[in-house]
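Here are the chains, one letter per residue:
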Amino acid sequence: MAELRYIGTETPRPEAADKASGRATYIHDLQRPGMLHGKVKFSEHAHARIVRIDTSKAERLPGVKAVITARNTPEVRIGFLRDNFALKGDKVRQFRDEVAAVAAIDAETAAAAVELIQVEYEPLPAVFDPVAALEEGAPLIHERDERGRPVTSNRLPLTYRHDSGDLAAGRRAARHVVSGEYSTPLIQQCCLGTAGCLAELDGNGHLTIWAKTQIPFLAQRDFVRALADLGLKGKNARVIVPTLGGGFGTGLDTHAYEYLAILLAWRTGRPVKIVYSREEEFACLSPRQSARSRIEQGCDADGRLTFRHVEVLQDNGAYASWGATYPSVMMLPATSLYRVPNVHFEATLVYTNNTYCQAMRGYGNPEITWGLEQSLDDLAEALGVDPLELRLRNCNEPGEVTPMGLKITTCGLRECLERTGQKLGWREKRGAGRPGPGPRRRGVGLASLVHVGGGGRIYRSDATGVILKFDDFGNVNVLHGGVEMGQGLHSVLSLAVAEAVGVRPESVFINQTDTGTCPWDVGTHASRGAFMACQAALRAGAKARQRIFVLCEGIFPEEAERSLKALRKKNPDYAPPAFDLRAAARRENFELEGGTVTIKGAPVEPWLRVELSRILRGAHFREQGEMLTVEAFYDPPNELPDFERGCGNMSACYAFGTQGAEVEVDTETGEVRILRLVAVHDVGKALNPQTLKGQMYGALAQGLGYALYEEVVTEHGRIVNPDFRDYKIPTACEMDFPIDLDFVETNEPNGPFGAKGVGEPGLVPTAPAIANAIYDAVGIRIHDLPITPGKVLEALAAKDSCGR
Amino acid sequence: MKRYEYHRPRSLEEALRLKGADPGACYVAGATDVMVRVRAGDLAPTALISLRGVPELRGIDFGDVGRGARLGAATTIGEIAAHPGLREAYPVLAQAAAVLGSVQIRNAATVGGNLCNASPCADTAPALLVLGARLRLQRPGGHREVPLEEFFRGPGETCLARDEVVTQVLLDPPAAGARSAYRKQGRVHMDLAQASLAVLVELDGATCRRALLAAGSVAPVPLRLKPVEALLAGTRLDEGVLAEAGALAARTVAPITDVRATADYRRAIVGVFLRRMLADLRDGGARPARRPA
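Protein chains in written order, with the numbering used here: chain A, 3 to 806; chain B, 1224 to 1516.
Don't read these hints as lab results, they were simulated from the structure. For every residue, glycine included, the Cβ atom is placed at its ideal position computed from N, Cα and C. One thing to keep in mind: the hints can contain errors.
Pairwise CB distance ranges (calculated) [unchecked claim]: (1) B:1502 - A:127: 46 to 56 angstroms; (2) B:1244 - A:108: 27 to 37 angstroms; (3) B:1443 - A:642: 55 to 65 angstroms; (4) B:1467 - A:691: 52 to 62 angstroms; (5) B:1433 - A:717: 38 to 48 angstroms; (6) B:1245 - A:280: 23 to 33 angstroms; (7) A:21 - B:1287: 45 to 55 angstroms; (8) A:21 - B:1429: 53 to 63 angstroms; (9) A:14 - B:1307: 38 to 48 angstroms; (10) A:677 - B:1283: 30 to 40 angstroms; (11) A:14 - B:1384: 53 to 63 angstroms.
This is chain B alone, in the form it adopts within the complex (with noise of 0.2 angstroms):
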């Protein structure tokens, strides 16, 4: 295999200065999906810049609910999936991370790679997306914000500039009555998604003031279900407006079939899902993630 110059910088504004003096070189952090596409000759950067040692990226920042959340970019999934207080105002981010990978993939993948990597089948994505989170992306001289929606381009393509890099995934404090909650299907436990859906509900009752949703492995990127969303907001979630949702949802997305499932199945079950999910929600909250592989 074709050996790399590995940089560890201390500090982002190294990161930054090394990057800039080498364009071909790509950041890693968790390098679970960099190595892979590297070993299979996919990927030939001049060099690696590991963001594990920058510790402006790392670390939860999550004084109380009322506040919001920072994730810095190279949080690893498994301190998501642990954290108890993004676990108790972030079920659906919690659940989410509780179920990618492995557990070694979550030791070492990051939340910032995660969406990076912009895959449709990104676990995070939906989860964050129904959040509303924002993104800091860093360049020398300046910074900005976007918001995640529009992050995402297509299959592994993002917004980022090439001088660029994500720090921080910001979050606002939830919304009063939310609840939320992520399932994914796979053909087995450990993984990737045959579809997966977050679903966020406002309730005031059986009320839902307001819904987000966001569906993986079902377009070219991580989708909002905006339609759904339409139909569900002031509505009485009863039995009628669930089975409306989940067949509008099931129209809405836009799957392919390929070797992990067809377009059909990937259709059924996120109208499945939306239909079990928004029921679970309605009467008494977040429905456990599905036990982690």
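Okay, chain A solo, but in the shape it has when bound (with noise of 0.2 angstroms):
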């Protein structure tokens, strides 16, 4: 690509003066005629026999229009591997399973009657601690696999494993082996929209639902499936995605309220909604998986990592959504963060009484980073070298393939780590034991990650589509199936078509995301969306040109002609300069820019550049007239890795990154306070510093609610804070200090425009270096996120009591 004009620049996303002045309409704003209102009915035990559902109380109240159990409905199997139901039969195994579900005139009429109805239970041994769920005797959650095999197990029939090299080899070339256990909590998404869909049924039996959801096209597919399941078999699934208040990975799953929302559409024959409330999206959304890890490495003399274990447990809860898959992005990190041969890693996913657990923001990453970047401190303390030298000494290079079969194309890494440490002042700060005020002490600390950068596919097909439908007035109407839901997708979408078909950012026009409508994309996960949206559009956008110059060479000259025509009425004196532009029209001269034709070597005379409209309907208004439309799909170059043996090369390039945190611990009140964080990240290509920004900020301050607020706690299974009253995120007071963001970019050769995904990476390395640097600053280790003032005061005392 020549010279850039759009990309790179920093532009307002095009929804942002609908979204500011409250225009922007979400699912919660949605009505359809005769909508009704749905309510779910949710378990009130962790693990129970449905005895007996007594719902004719809520059927006699006034304004109810269905009630539905899995007694009067067909059986609708959720998940991916099926071993989840819209409504359940037989026994509920988490507190927040859908028992019933009601109809109603209004939400307030709904609530009431899911209040009447009567749920007989009769309670069953249940199991919350993952360990214990794998012992003998444990209480079975699942009795039966999706084919009615009996089970005898609460594992999950999921393998991840990943050997290479020669691990006892690796152990043995080890001068220095640290060893620790670290875990990582549940945690809330935090969308600021709740979810909630709309479902409707056309009188042919088709299917029209509004979804929250982040994968559109896997989403029809499951809900046509369902469709079968009520008898409409063959009957279409049209998925909208209207604005989203966030996604952050919950729209990965298709989920029971859904399928309710169709189930009661189909008995009612009416539209229903159905939405969360706050309390209901923190009690009965799945929330992140919690993980332990067990992270093992060596290095040798000189600081050179010889081998990496890694032993990964997960408790699941009930029910397996896509999250079950974390470990498939686990492995990246756990092989191929920093440079190590010898590396093992296992993953072991559990069925509990728990509450079920999906998606969200980094997907394993951050639950393995946190421990891989202590125990890289540790291992530094070891060995007695400085942790970002350690680090520089196994950094990953360009050109390197990793144990894992990660083809390392652009990796920008060395820099990142760099550039954190000037802007941290690590030389001058590292160890030096700095006091604060009073009894308060100060360190610094660093992390660093690698993700998924070009695609990830776990899925047959890691693509997506554009379409570019043009108008008469010269605007570009994008259809694309990826999903803006916050991050920035379209702002950056509408200015690489600009770029790519060579008009101004404003008229280009992304419609909504509609599966009636949009190409095929396999979802906006995996911090695909931008470096996907724009390959296509990259593409889209050069056959359009190429089609556009084909029209040109018979309407330019005409329109052209015209123009001089109207010039010499109004200017009988003009004289043209020589040129012969019938000669010069010919398709490979021709250049679009801004939305306006030139030829190439031209004179520069004003009739001489015709705007893209009038070529549009030069070429719509004439006999066999046409209207340009063109469309292409982009199918990255990265391989469906084997799970079960840990290799493949998943994405198309990599995006690295490093965080540095500087903090002030209170010894005596435990506080950590924050002075400032540091983020260099590999982006290849800042396509909208704009959006990117914002897209980093919002992950920091997540990274920073992981590592120090954010725990979504459970007891018996039930969530004892489902609410923003005890479920901490932070707010703007919480994010006073300064953040330095800064952006190495690498110029990425499979990327559009040289970029990566970018995502996710903002959250993945925050809470181990804000955990270094706590370490920095008084020489403790909290293993198990968040690290609350609590834990800060528990681990000091311990380090007292041992160095007396």
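Dock the two chains into a complex; use the hints.
Below, the structure is given as structure tokens:
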């Protein structure tokens, strides 16, 4: 690509005005004629047999149009392991299990009706600890598999394992070995827009569903299957994505409430909307997976890593979502963050009676990097080398193929590490044992990450499509199946289309994501949205230019001569320069920039500049006229890994980054104050620095929350802090420190305009960077997130008693 | 949601009459606590009687320091936090008000409501306890005054009779040499207190003539730390005394473990806060309140 005009500029996102002024239409705002409101009756036990459900009182409540249970509706199985049901018939396996649902004329009536449903349970022994759940004789969460065969263990039927090199040799070669156990909690994605959907069946039995999803086309597949379960075989499901108030992974699966809305719409013949309250969102929507890891790694006398051994135990909760595939991403840092030749990785996933979990930004990566990067600091200390130096010695390099088979094309990790060190004042501050005011101590720490940056093939296709539909006014209407959920996809896509076609970004309009109109896309996950959309846009843009320039051969000279005629009428003295327009008007000579067509090498004359709209109208309004619509479908050069063997180049390129923290620890109250965060990320190329920075600031806030505040607390499977009163996320008051954000532009050849995907990386290394800074300040290690003041005080007390 | 009758009386007399006619009705002012409980289904009043428009309950009467102050019970927390006279005469109260909830909550919530809700973590309660506040309670045909300390009976429970309403919070003029401060600890800035501490000392140089201490979120009611007050009375506030006072405070409180903090952590920070706050007050006055959320 020649010089870039729009990509790389700080451009406000196109939907900003509507969002800021309250015009954007979220699911919560949607209304349909005759629409009913649905409400779900959730389980009151973590594990119990359902003896009886009495819905008679609810059915008699005026305004109630339908009450459904597993006993009066067809079975609808959900989840990629088909282990979940829209409505539970025999038993409940978690507190939030759906046992009934109501549709009523308004939300209040539906809520009142749900209260009138009486369910008789026979409680069963429950298990909440993943280790206990693996023991012999533990209560079985699922007695049978999808095909009805008896199951003997709570272990999920998923294998994630990687073995590379010679681990024993790696151990022998190690002069220093460190090991540790680390854990990360359940956390909530905390989308400002809570979950919800609106389902409607037409007279032919086709479904339209407005859904909060990141996977409209995989959702379509799920819903078509559910329609078949209802006897509507062969009927279509059309998924429309309205404005979303955040996704963060919650839209990677289809959810029971969506099937319940479909069932209620089917039962009543009317559109049904279900929207979760904040409390329901906390208590009944799947949080991020919790994970326990055991990490052991060693290095030789020069500080070269010789082996790494990582074992993960993941509490899956009662059912499997795509979150059960976290280990597919955990493998990435385990095998490929810094150069390590001999690696063992293994993950075990366990059903328990806890709330079932799902995807969240980072998808397994923060869970592992939390331990890996602390362990590296331990190793540096064992070796007696500065932690930054240890990382530089083992730094990933361009051209490297990692033990997992990841082909590292570009890699800015070295520069990320070095710049982070400079910005933090590493040399002066690290290990200096600097006192703060009174009993406070200051320290610095850093941590890095590697993540997929060029799509992430976890499905047979990792592709996306884009359609560019040109109109008579020179506008480009874009149809794309990716999802704008607040991250800025539409902003970079409009810049990319403008750049690729040669029109101004103001002439680019991104249409609503709709499976009925947009080409297929696997989903907006794995930091792939902008990467994929821009790649498809580049290809579609190139096709469009080719077509436009062919049209120009006939139309451009006509239009230019018409302009010349008009010019002469106005200014009879005008003498045009000598130029053979007809001879020059060949497809290879045209140029299109900013919505205007010119001829390369032609004199700079106003009449030799023809607006694209005139070319398009010239093509449209003639005999056998045509209008321009082009499409492109892009599937990146990556491989579907073999996760049982743990190898495969799952992404077309990889994103790297380093974050640093300077903290002040109050040794008497245990409070950790962040004095400064530094984040330097290899983004390939900043497509729109404004939205990129927004995404990074948001990720850092989430990373900070993960580090210090956030945890869904459960007691015997029940969530005890299902609200923002007791589930704390950072607000502006917590983000009161300077953030030094910087980008390394490695100009990735596999990336659009040189860019890599960067949606997730911003929150991956924040927590371990803070933990490493705390260690620098006061010499304690917290292995279990979040790092609360209480844990800090306990660790300080333990350290004191050891020291004596 | 259930619909409620909503009354907005224009006088105290009218408010009392409405309540008399409908004993199941609930008084509200800022409604920042009541409506949360109503929506959660924990409270089902027959009607709501708003006290916002009752002139007798509004306003801060603070002419000069020598006369003390009278705060209308429906004075908002924000008004207290911003009042220059109160900030100077009763820093502990202004500081507590400044860290209660969020800006939006402070603009709606009232001091009377904060006290009547009788939460162990109410921010204004420890501050008003160390200021020796009295409450004026009005009932049809009469009124009484009770010391705030006798007002709280348990979590959510007060000595308020069914037909009574709090009309005023009464404060004596600050004693000579009095210095005071409030600190609270939350998981984040905008949080209910994991523990809070109000300290008022009357100083003669570095010698403490009298100390009044009250802690929040460490007992079923906002708690005066009387054994620590006794320890401090008449002593010189040197480092040894401060450490001893902190340790005694940690032993005096009776916190529980819940989702916000462990009992051990609450004990620990009450001790640390006391030590630090006493040193700050001794060395120069009121420590600025934690930056409001």
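Going down the list of hints, with the structure as the test:
1. B:1502 - A:127: 46 to 56 angstroms: Once the Cβ atoms are compared, 55 angstroms apart, the range 46 to 56 angstroms for residue 127 of chain A and residue 1502 of chain B holds.
2. B:1244 - A:108: 27 to 37 angstroms: Distance hint for residue 1244 of chain B, residue 108 of chain A holds at roughly 31 angstroms.
3. B:1443 - A:642: 55 to 65 angstroms: holds, 60 angstroms
4. B:1467 - A:691: 52 to 62 angstroms: holds, 57 angstroms
5. B:1433 - A:717: 38 to 48 angstroms: holds, 44 angstroms
6. B:1245 - A:280: 23 to 33 angstroms: With Cβ atoms ~32 angstroms apart, the hint holds.
7. A:21 - B:1287: 45 to 55 angstroms: holds, 51 angstroms
8. A:21 - B:1429: 53 to 63 angstroms: holds, 58 angstroms
9. A:14 - B:1307: 38 to 48 angstroms: At roughly 42 angstroms between Cβ atoms, residue 1307 of chain B and residue 14 of chain A fall inside 38 to 48 angstroms, so the hint holds.
10. A:677 - B:1283: 30 to 40 angstroms: holds, 39 angstroms
11. A:14 - B:1384: 53 to 63 angstroms: holds, 60 angstroms
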